[in-house]
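Asker: Going line by line, the protein sequences match chains A and B. Be aware that the first sequence starts at 1, since it is given in my numbering, and climbs by one per residue. Be aware that the second sequence starts at 613, since it is given in my numbering, and climbs by one per residue.
Treat the hints as calculated values from the structure; they're not laboratory data. C-beta: ideal position from N, C-alpha, C; glycine also. It cannot be assumed that every hint is accurate.
Covered stretches of chain A, going by a simulated chain B footprint (3 or more residues, C-beta under 8 Å) [as the list claims (entries may be wrong)]:
no.	segment
1	120–128
2	366–378
3	441–448
Derived pair list, reagent style DMTMM-like, types lysine to aspartate or glutamate, alpha-carbon separation capped at 20 Å [said to hold, decoys possible]:
no.	chain 1	residue 1	chain 2	residue 2
4	A	K119	A	D50
5	B	K682	A	D590
6	B	K766	A	E541
7	B	K741	A	D397
8	B	K702	A	E460
Rough simulated footprint, nothing fancy, chain A against chain B, three-plus residues with beta-carbon under 8 Å [stated by the list, open to error]:
no.	segment
9	660–668
10	698–708
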Amino acid sequence: MLWLAIRFPRLPLDVFLADTPKDSQAEFAHKPTFVFNHNAGKKSVLFANDRALALGVCRGMNVSTADALLTAQSTSLTKDNSLFSNNHEQPQSSTGLDKSLTHISLGQNTQLEWFYLQKFADACYDFTPYVKLHNTPTLETRLHSCNGNETLDSDKAKQTFKINSQSFTEKNTDKDQPTYLQPGLLLEISGSLKLFFGLEKIKQQLAEYFAETNIQICFGVGLTPESAWALTHSHISINEHSSIHEFLALLNNIRIQQLDCYQSAFKKMAKMGIRTLEDVFKIPHSELGKRFGNGFVDYIQQLKGLRQNVRHRPSENHYFQQKRDLDFPIQNTQLLEHDSRQLIQQLLIFLKTQQLQCEGVEWVLGDRYQSITIAVLCQPIYADGELLQELTQLHFDHLQLSFEVNYIELKLTHSSALQHSSDEIFQYDNNGLNKNEVQRQWQLLLTKLHNRLDANAIVEPNPQTEHLPEQQNHWQHSSIQRQGSNQLSYKKTSEQKLKKNTYLQQDLLSAAHSSSDEQAHSESTLLSSTVFDPKPTWLLEPPICINHREDQLCWHGPLTILQGPERIQSQWWTNTGDVYRDYFIAEQNDFRRVWIYQDKHTQQWFVQGIFS
Amino acid sequence: MSTIIYDTSSEQSAINGSNDLLEQLLRRKDVWRGAAVTQGRVISSKHKALDKLLINGGWPVSELIDVGQKANGHGEWQLIAPALASLSHKAGLILLFNPPAMPFAPGLSQLGIRCDSIRVVRIQSHHKKAQAISALLDILQARCCTAVVAWEGKLNWRYAELRKLQLAASQSQALCFCFRKQRPAQVQSPAPLRITAAFSVEGLLVHITKQRGQQRPQQCVLARPNLWAPKHHQLKPKTTTDSSAQTSKQLAKVLHFNRGSLALTPLNTHFPQNSGQ
Numbered sequence: 001m002l003w004l005a006i007r008f009p010r011l012p013l014d015v016f017l018a019d020t021p022k023d024s025q026a027e028f029a030h031k032p033t034f035v036f037n038h039n040a041g042k043k044s045v046l047f048a049n050d051r052a053l054a055l056g057v058c059r060g061m062n063v064s065t066a067d068a069l070l071t072a073q074s075t076s077l078t079k080d081n082s083l084f085s086n087n088h089e090q091p092q093s094s095t096g097l098d099k100s101l102t103h104i105s106l107g108q109n110t111q112l113e114w115f116y117l118q119k120f121a122d123a124c125y126d127f128t129p130y131v132k133l134h135n136t137p138t139l140e141t142r143l144h145s146c147n148g149n150e151t152l153d154s155d156k157a158k159q160t161f162k163i164n165s166q167s168f169t170e171k172n173t174d175k176d177q178p179t180y181l182q183p184g185l186l187l188e189i190s191g192s193l194k195l196f197f198g199l200e201k202i203k204q205q206l207a208e209y210f211a212e213t214n215i216q217i218c219f220g221v222g223l224t225p226e227s228a229w230a231l232t233h234s235h236i237s238i239n240e241h242s243s244i245h246e247f248l249a250l251l252n253n254i255r256i257q258q259l260d261c262y263q264s265a266f267k268k269m270a271k272m273g274i275r276t277l278e279d280v281f282k283i284p285h286s287e288l289g290k291r292f293g294n295g296f297v298d299y300i301q302q303l304k305g306l307r308q309n310v311r312h313r314p315s316e317n318h319y320f321q322q323k324r325d326l327d328f329p330i331q332n333t334q335l336l337e338h339d340s341r342q343l344i345q346q347l348l349i350f351l352k353t354q355q356l357q358c359e360g361v362e363w364v365l366g367d368r369y370q371s372i373t374i375a376v377l378c379q380p381i382y383a384d385g386e387l388l389q390e391l392t393q394l395h396f397d398h399l400q401l402s403f404e405v406n407y408i409e410l411k412l413t414h415s416s417a418l419q420h421s422s423d424e425i426f427q428y429d430n431n432g433l434n435k436n437e438v439q440r441q442w443q444l445l446l447t448k449l450h451n452r453l454d455a456n457a458i459v460e461p462n463p464q465t466e467h468l469p470e471q472q473n474h475w476q477h478s479s480i481q482r483q484g485s486n487q488l489s490y491k492k493t494s495e496q497k498l499k500k501n502t503y504l505q506q507d508l509l510s511a512a513h514s515s516s517d518e519q520a521h522s523e524s525t526l527l528s529s530t531v532f533d534p535k536p537t538w539l540l541e542p543p544i545c546i547n548h549r550e551d552q553l554c555w556h557g558p559l560t561i562l563q564g565p566e567r568i569q570s571q572w573w574t575n576t577g578d579v580y581r582d583y584f585i586a587e588q589n590d591f592r593r594v595w596i597y598q599d600k601h602t603q604q605w606f607v608q609g610i611f612s
Numbered sequence: 613m614s615t616i617i618y619d620t621s622s623e624q625s626a627i628n629g630s631n632d633l634l635e636q637l638l639r640r641k642d643v644w645r646g647a648a649v650t651q652g653r654v655i656s657s658k659h660k661a662l663d664k665l666l667i668n669g670g671w672p673v674s675e676l677i678d679v680g681q682k683a684n685g686h687g688e689w690q691l692i693a694p695a696l697a698s699l700s701h702k703a704g705l706i707l708l709f710n711p712p713a714m715p716f717a718p719g720l721s722q723l724g725i726r727c728d729s730i731r732v733v734r735i736q737s738h739h740k741k742a743q744a745i746s747a748l749l750d751i752l753q754a755r756c757c758t759a760v761v762a763w764e765g766k767l768n769w770r771y772a773e774l775r776k777l778q779l780a781a782s783q784s785q786a787l788c789f790c791f792r793k794q795r796p797a798q799v800q801s802p803a804p805l806r807i808t809a810a811f812s813v814e815g816l817l818v819h820i821t822k823q824r825g826q827q828r829p830q831q832c833v834l835a836r837p838n839l840w841a842p843k844h845h846q847l848k849p850k851t852t853t854d855s856s857a858q859t860s861k862q863l864a865k866v867l868h869f870n871r872g873s874l875a876l877t878p879l880n881t882h883f884p885q886n887s888g889q
């Protein structure tokens with residue numbers, strides 16, 4: 001594996017620059033600017049630009065001090081956090097920048113940082129599916145969702161973003177003075193090197209992207225995420241052809257003070273005179289474990305590339321909910337078609353951008369006081385909006401609205417990652433069908449039938465290797481396949497059943513062949529009776545009890561027995577009691593033939609099948 | 613119907629256009645052309661006697677085949693099973709719509725039908741008639757079926773509904789059977805092929821009341837599958853060879869119901885294979 005780390009050394013400041021129109025960006029460059037944050041009730045400088053640094057502002061400085069210092073250079077109007085609001089909204093456009101200001105002070109906007117980090121992660125997703133956010137800022141307020149369509153609670157947003165976020169281990173044990181950790185991105189790119197013509201090309205494309213957005217970055221390349229992150233502090237980079245020795249040589253030169261995790265451990269080491277990772281690597285792991293714990297040893301091993309974490313493909317929460325207010329109140333559901341079509345179009349765009357397929361949606365029709373919800377389940381839909389529209393209309397047609405609807409809302413409730421499946425292009429029969437096409441068309445039909453009738457209305461055979469006819473003839477509900485996994489499992493189970501049946505027949509055959517000569521006749525008779533005894537085409541469930549008058553059986557007229565008996569004795573090993581039946585074929589007056597049996601325990605006669 | 617407009621300034625092009633339109637019309641299977649028979653795709657019924665009577669020598673594909681029966685159980689599987697058996701081995705599904713009972717998979721397997729290609733759509737009492745018709749239309753329009761076999765049951769299809777089914781069937785590529793209660797021949801049906809089937813002494817009596825290109829009604833008898841023939845024919849020497857009805861009566865005498873006599877014949881007994889436990 002090869003990891004590319006992208007560190008944003010001054011993201012809190014850069015996001016303001018990136019969010020400012022280009023014509024106003026010069027203001028930031030020419031005026032001393034710093035970003036401050038709140039730490040334990042104190043406002044301290046987090047980042048300052050080159051101009052501010054030249055005038056003596058430094059990181060950790062009290063904001064009042066920084067203001068005073070900058071004001072002292074020339075008369076200034078301190079506008080503490082007034083230019084860009086710190087009330088968790090997007091910063092104002094710099095078109096309103098006051099030219100008379102001598103310097104700019106900005107409160108850290110974690111919301112904006114999150115927004116840009118997610119944006120960068122989405123951009124990196126073009127290169128690899130394995131993208132992780134690293135050292136993400138703590139989110140405290142409400143913020144916008146990925147697509148910016150709506151506002152989410154901070155908890156929900158945290159949940160949304162947390163999936164992609166990563167931190168290696170305990171970052172900071174110094175609780176009194178929490179240290180700012182520079183955020184970044186981690187990309188696993190070993191699978192993308194060929195596609196993008198090498199590591200340098202990927203770095204070049206990424207560098208161009210970030211240059212356009214005025215974000216400063218540092219690249220690091222390593223065999224593990226930890227080493228790649230550590231190597232963002234190195235000016236020299238390895239490439240995909242570098243040897244492990246070159247990689248370790250670069251790591252050896254990294255100063256331990258630059259590392260942003262296990263800072264307390266590294267501080268202790270610094271007091272012991274250890275300066276670089278080379279010194280750390282020389283210490284035996286057992287010694288490191290005794291002093292700093294096993295977690296620290298794991299971290300060192302991961303730095304050296306001796307240990308890899310399991311690579312997880314990032315999963316994301318996808319959320320689609322769109323609402324349309326109707327022009328006028330509607331009670332006739334047929335008039336909802338236009339609005340529902342519009343919402344489906346928006347859903348299709350969302351599915352396309354997120355590379356998802358829809359497996360179920362929920363419609364909400366409501367007014368100010370009440371609403372009703374209609375769930376529509378379907379086979380995976382990616383671009384076929386007509387099917388979803390048809391299914392929706394099908395549900396709406398059966399709907400009786402007791403109130404006038406003011407709005408219609410569409411929610412995506414069931415979705416899955418888009419499955420690209422290969423298909424055969426030559427093996428089609430006269431009907432233009434092959435197995436995959438049949439399966440696809442059947443799923444379409446099944447979706448319609450499930451919505452039109454119900455899920456229990458459609459069944460398919462699921463034959464069982466049982467002795468009793470009613471147990472043999474098992475039919476299961478046909479279900480809509482999700483993500484192609486069911487298809488495989490169904491295929492497997494069918495094959496297993498087929499094999500099982502084959503084994504049963506083989507057993508019978510082997511039993512017939514292996515038996516002694518004396519038994520051979522009876523065994524072969526048993527086999528022939530099992531395989532060749534005529535079986536009816538219809539099975540009546542439950543069997544119908546038939547009457548007999550004196551010596552004559554009657555079911556829709558008198559019955560004449562033609563053949564039998566075929567004895568089935570089974571279930572004697574169960575607690576429910578054994579089944580002991582003699583089956584016969586009988587004929588009715590109108591020449592229909594039926595399959596009847598006599599229960600030998602109760603002497604009662606039943607009709608169980610019809611030869612049609 | 614499109615209107616043909618003749619324009620003196622472009623007479624030739626109009627004539628060409630009218631020829632095209634006529635050709636289009638004549639290509640349609642539902643245009644009556646007197647004694648001439650439209651060549652359509654057929655699937656052999658695998659009954660020689662029946663294939664001889666059917667125009668083009670088999671069941672017409674993409675047409676509704678209306679089968680009337682006195683009651684359920686009068687040879688529906690015997691009639692269609694050979695054709696379905698060949699279709700079940702191809703890509704595509706066989707859909708049974710509103711069957712009177714559940715098919716018995718081992719029985720169908722004995723007739724050569726692969727059961728894993730069968731799907732059953734059950735119409736229950738709470739389903740409305742319109743729902744059922746719409747579902748059947750969906751099935752006929754689906755491109756996954758090689759055969760659709762529908763039973764009218766209690767749905768009592770009217771002419772207009774049957775006409776809808778016929779139109780949907782004509783758009784499909786499937787063999788479409790529709791089993792209904794037998795009605796007098798005077799009661800019209802939009803199905804291009806209309807037959808009745810009933811068991812008789814000789815076997816399954818099939819009466820073709822209507823088909824395109826047929827002058828007068830025809831009938832044939834299909835013998836019961838050998839599989840269903842009683843084994844006693846082999847065990848007991850036949851005393852009479854006149855008709856199967858007499859055979860049945862003879863057998864009835866041989867196996868006249870008697871409680872004492874039924875508790876015997878160990879030859880055909882069927883014991884579970886895992887009884888060695």
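Asker: Of the numbered hints stated previously, which ones are contradicted by the structure, given in increasing order?
Answerer: 1, 2, 4, 9
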